[in-house]
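Going down the list, the sequences are from chains A and B.
Under the working numbering, the first residue of the first sequence carries the number 1, and numbering increases by one thereafter.
Under the working numbering, the first residue of the second sequence carries the number 1001, and numbering increases by one thereafter.
No lab work stands behind these hints: they were computed from the structure.
Every value quoted in this text rests on a predicted model; they were computed, and no experiment measured them.
Each residue gets a CB set at the ideal place from its N, CA and C atoms; glycine is no exception.
Any given hint could be a false lead.
Only some residues are given here: those of chain A computed to face chain B with a beta carbon under 7 Å [what the hints assert, rightly or not]:
no.	residue
1	P49
2	G68
3	S154
4	L165
5	T173
6	V175
7	Q223
8	G225
9	F226
Partner residues are not named here, just some residues of chain B that face chain A (Cβ under 10 Å, in silico) [what the hints assert, rightly or not]:
no.	residue
10	K1073
11	A1102
12	Q1106
13	L1122
14	L1126
15	P1130
16	S1159
17	A1205
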Amino acid sequence: MENIAKKPLLQNPAVVKIVAPLIVGALLLTIWQVLCIAWKVPIYLVPKPTDIIATLWTDGPGLLRALGVTLKITFLAFFVAVVLGVVAAFLFVQNKLIETSLFPYAILLQVTPVVAIAPLIIIWVKNPTAALVFCATLVALFPIISNTVLGLRSVNPGLLNLFRLNGATRWQTLVRLRIPSALPYFFGGLRISSGLALIGAVVAEFVAGTGGTGAGLAYEILQAGFQINIPRLFAALVLISITGVLLFSMMAWLAKISLSHWHESEMG
Amino acid sequence: MLMKYSEIEPEEGSESLPENFIPDADTVLFANRVEKTYGNGTRALDEVRLRIQRGDFVSLLGPSGCGKSTLLKMYAGLESPSHGHLRWLGTDTPAKSGLKIAMVFQEATLMPWANVATNVRLPLDLAGVPRAEADARVAKALEPVGLGAYGKAYPRELSGGMQMRASIARALVTEPDVLLMDEPFGALDEFTRNKLDADLRALWAERAQKLTVVFVTHSIYEAVYLSSRVVMMAARPGRIVADVAIPEPVRDDHFRLSDSFADHCRDLSARLLSASGGDAAH
């Protein structure tokens, strides 16, 4: 402990990891602010960072309510994607025929842009929330499937032989070997998928353009754009970005507490 | 009426083992004219015939590609021959024979997410041994390999040698009749390897007449030091070229330095040379 205390604070890697990006951020914001003032950039083109913060303060309650709606869609879609993705992955590894028959369609889901099919889904599914969740799920599903399949497959062949030699049942092999082996890959899938669920939710809201009390952040951004209320647009954008970062961090943290005692990727 | 191994004459074709053949009670593992040909035409094994008796310590010694690991996997029941028979106490599957077969692989192959005790307990867990009894047996298995204090450690916290010790403890925890080892110490440095060889020999000696070990290696020194019998194999195609008894009763550091150790090593090297037509470099 003494050694750490004697060191200059900026040589402590943990401090640097937080402080360095903060300094860069502060620097960029300052440049932004200074340039806006120096060139007298009108607020309806590029608002100053201080304008955005002020808008976040004044419009906060309305934007947060919209954020709540978007978050609800995101979490529902993420949850459905995880459940469906894991079930699909387990089916795929149980039987080669199932995988060969269905995997191309999983890829089809992945490569079809959600913007292109969202209008159809919104027409077909009556409940607007369900339609949005459906779209966002489509976007978030594939990484879960592909990563979990990869994980369930990437079992140490020596351990597999050991299980066979000891007469392990299919179920024992699954629970004691395949699932633990798959966890690091699964968490990798969660991390990608959580971000995609948010993107999917926002994109779907854009296409749906649903207003009223059930309006999400995407609708707020659209409205702010129409009204040339650029500070509000930026404020909504900031909220979405922060949400994305928080989601990613949550998944990273979840992976860390689950894997840190054994997996290289989460050590240190 | 038992048919003795010596009475079975090799015949043409692969079906030379009579249907009524019952190896004597001491023949634990038996391979009769076993062949293995892979899809690409590689002949990993060609007419291999090998009988391993209860309580023996047999080394399968040979260069890479001589099929020694393939033969070991067949004895484990993890691979089947293209032609020929294998017998476990006279039965045609390991399960029917009632033999407890344990295997140690080239790498420690421990589950990285589980601590040493849980890893060693795995064979007992899979067999449904009650937890309390299993834990007691794990503690008993960790002691002789020198890991008594490391039950709670995770594999990544251990050195390569200690991981291998855990792997050996996991193999011995079931009190196996047959221990199959596939170049277990190949990745370790020479000092660690010599120490583990000595410990392994001691573990085997403690279970004298009960534990049969089949040990695959490409080190002549290791084979001579460990085994009571060295089966030398050659590659292309994989076959047995010599079967040599090492009758020395005491195996310790003095044995390593003795003339008889050197003589055995020289003898095996010479056989290896002549078997590969003077082309031992392969």
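Hint check:
1. P49: violated (46 Å)
2. G68: For G68 (chain A), the interface hint is violated, since the closest Cβ of chain B sits about 37 Å away, which is over 7 Å.
3. S154: violated (13 Å)
4. L165: holds (5 Å)
5. T173: At 9 Å from the nearest chain B Cβ, T173 (chain A) fails the 7 Å test, so the hint is violated.
6. V175: violated (11 Å)
7. Q223: violated (49 Å)
8. G225: violated (49 Å)
9. F226: violated (53 Å)
10. K1073: holds (8 Å)
11. A1102: holds (7 Å)
12. Q1106: Hint holds; Q1106 (chain B) Cβ to chain A Cβ min 8 Å, cut 10 Å.
13. L1122: OK, holds: L1122 (chain B) within 10 Å of chain A, min 7 Å.
14. L1126: holds (5 Å)
15. P1130: Hint violated; P1130 (chain B) Cβ to chain A Cβ min 16 Å, cut 10 Å.
16. S1159: This interface hint is violated because 17 Å lies over the 10 Å limit.
17. A1205: This interface hint is violated because 25 Å lies over the 10 Å limit.
When each numbered hint is compared with the structure, violations occur for hints 1, 2, 3, 5, 6, 7, 8, 9, 15, 16 and 17.
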